[in-house]
Amino acid sequence: MERRRTPLWEDHKSLGARLIDFGGWEMPVSYPAGTIKEHKAVREAVGLFDVSHMGEVVLRGPRVREAIDKLTTNAVASAPVGKAVYTLLCLPSGGVVDDCIFYKRSDDEFFVIVNASNTAKDLDWLREQTHSLCDVVDVSDDTALIAVQGPKAIAMVEALSSGALAGMTSFTWRDAAVAGVECTAARTGYTGEDGFELACRNQDAARLWAALLDKATPLGGLAVGLGARDSLRLESKLPLYGNDLDEVHTPLEAGLGWAVKLDNRDFIGAQVLRDQKHKGLTRQLAGFTIPESARAIARHGYPVIDDARAIVGTVTSGGPGIAVGGAIGLAYVPTALAAAGTPLTIDCRGKDVAATVVSGKFYKRKS
Amino acid sequence: MSTFPQDLRYTHDHEWLQAKGSAWRVGITQFAVDQLGDITLVDLPKEGDLITKGQRFGTVESVKSVSDLYAPVSGHVTAVNAALKDTPENVNGEPYGKGWMIELEPTETAEIDELMNAEAYGKHTAQ
Chain A
0 MERRRTPLWE DHKSLGARLI DFGGWEMPVS YPAGTIKEHK AVREAVGLFD VSHMGEVVLR
60 GPRVREAIDK LTTNAVASAP VGKAVYTLLC LPSGGVVDDC IFYKRSDDEF FVIVNASNTA
120 KDLDWLREQT HSLCDVVDVS DDTALIAVQG PKAIAMVEAL SSGALAGMTS FTWRDAAVAG
180 VECTAARTGY TGEDGFELAC RNQDAARLWA ALLDKATPLG GLAVGLGARD SLRLESKLPL
240 YGNDLDEVHT PLEAGLGWAV KLDNRDFIGA QVLRDQKHKG LTRQLAGFTI PESARAIARH
300 GYPVIDDARA IVGTVTSGGP GIAVGGAIGL AYVPTALAAA GTPLTIDCRG KDVAATVVSG
360 KFYKRKS
Chain B
0 MSTFPQDLRY THDHEWLQAK GSAWRVGITQ FAVDQLGDIT LVDLPKEGDL ITKGQRFGTV
60 ESVKSVSDLY APVSGHVTAV NAALKDTPEN VNGEPYGKGW MIELEPTETA EIDELMNAEA
120 YGKHTAQ
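Which chain is which? The protein sequence lines are A and B, in order.
Residue numbers for the first sequence follow numbering that gives the first Met the number 0, beginning at 0 and rising by one.
Residue numbers for the second sequence follow numbering that gives the first Met the number 0, beginning at 0 and rising by one.
Just so you know, these hints were derived from the structure itself, not from any lab.
Incorrect hints may appear among the rest.
With a cut-off of at most 30 Å between alpha-carbon atoms, the simulated BS3-like pairs for lysine-lysine come out as follows [stated by the list, open to error]:
1) B:Lys122 with A:Lys350
2) A:Lys69 with A:Lys120
3) A:Lys363 with B:Lys84
4) B:Lys97 with A:Lys276
5) A:Lys350 with B:Lys97
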């Protein structure tokens, strides 16, 4: 099958990126600097990410709020215009269809960014579950998305927007020209750093990318591939759909209770989540660290075992702790094993490796 | 197509071998390094271990993935590049130099003859 390309494919090629297949897209996994340098550039300066493979959907109509209030775990419909809201879409079972961000454009219109790998599934789900109460328009093929992340990102993008983006707070968006390109600019991201995600039309993407790269390079900034995108989000304990989130585990089990607003609401899955909250969780997504001395990395799919070597849990994400040393990861474990400080044993390809449960993010940004 | 050092022998699993007296030094090729990305951990056997052609003798972990190292030929491990423990990035930086992994004294010298030369390996990676 022909792999899809973003409008920045040529730019990645000319930067010397290593391109891989990612859910049918030909995407940069890293550039010549390499994943570790790219990761550090985002932590210390600024990184540019082409995430144009992500899906974009517009929901609109006079009854759109009514429609989406049935679908979102978070309080999306009632949010003020100009807000961006992270939410889960749940199945009746409480399992997760996708995690996404809704941008409220008006009382009648929302812009939604969904995971690339789930775009087709989400569109089907949205069309089916909104019951013709609103229009569901797929604008993925016309929309490019560039994330600008890191401590130097805000000042850099603000300077390119002649002040039009000044004074924004986290999880808000504005329409503005950035380097002369019409964008929807949101103070959102997936790295644990401050930054913007800039959505623009495909035909403008290369011009925007070039202007951003031009400003970022003298600041120590780099183009950043999917490799570092994954290591950055893991360090900040941001879940990845397909690894840490799926149709089996609920948002509460995944530790996303802050994005589940149950009071006086009846969205799909709410009943199961209400029961779970009432009865308590039997399993939870726990963060763990492995010390450097163990010389091991626990990765997606590795089993967590008990003293009798029975499998009690599964690692959903794992990798080297680039900022914190050793290795870090996330695993679904029984609640009894989810408290900070609990020792875990992980079977790393036949080697028993000792890990320790930690609470909170592995990396916290210096503010 | 990449070019590979002429004085080395190669395996289909992207390892190189270099004659060091009666022993052979083993590492992974630039092609393998490019596929793996930044290497963060290299796990190697101990000196004196006997390893068997085609069997796993170590692992290389990059940020994104873990890969096995398969013994290119059977033999006794006569040296291990212990420096990689603290500087695994040398495999990325100098795969044919400071990034070497082990040295082997082959037990089946005929296995050496089955290895590819640079030209054959170049064709293999271009496939």
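Going down the list of hints, with the structure as the test:
1. B:Lys122 with A:Lys350: With Cα atoms ~37 Å apart, B:Lys122 and A:Lys350 exceed 30 Å; violated.
2. A:Lys69 with A:Lys120: holds, 17 Å
3. A:Lys363 with B:Lys84: OK: A:Lys363 and B:Lys84 at ~28 Å, within 30 Å.
4. B:Lys97 with A:Lys276: violated, 55 Å
5. A:Lys350 with B:Lys97: Within the cut-off at roughly 28 Å; holds.
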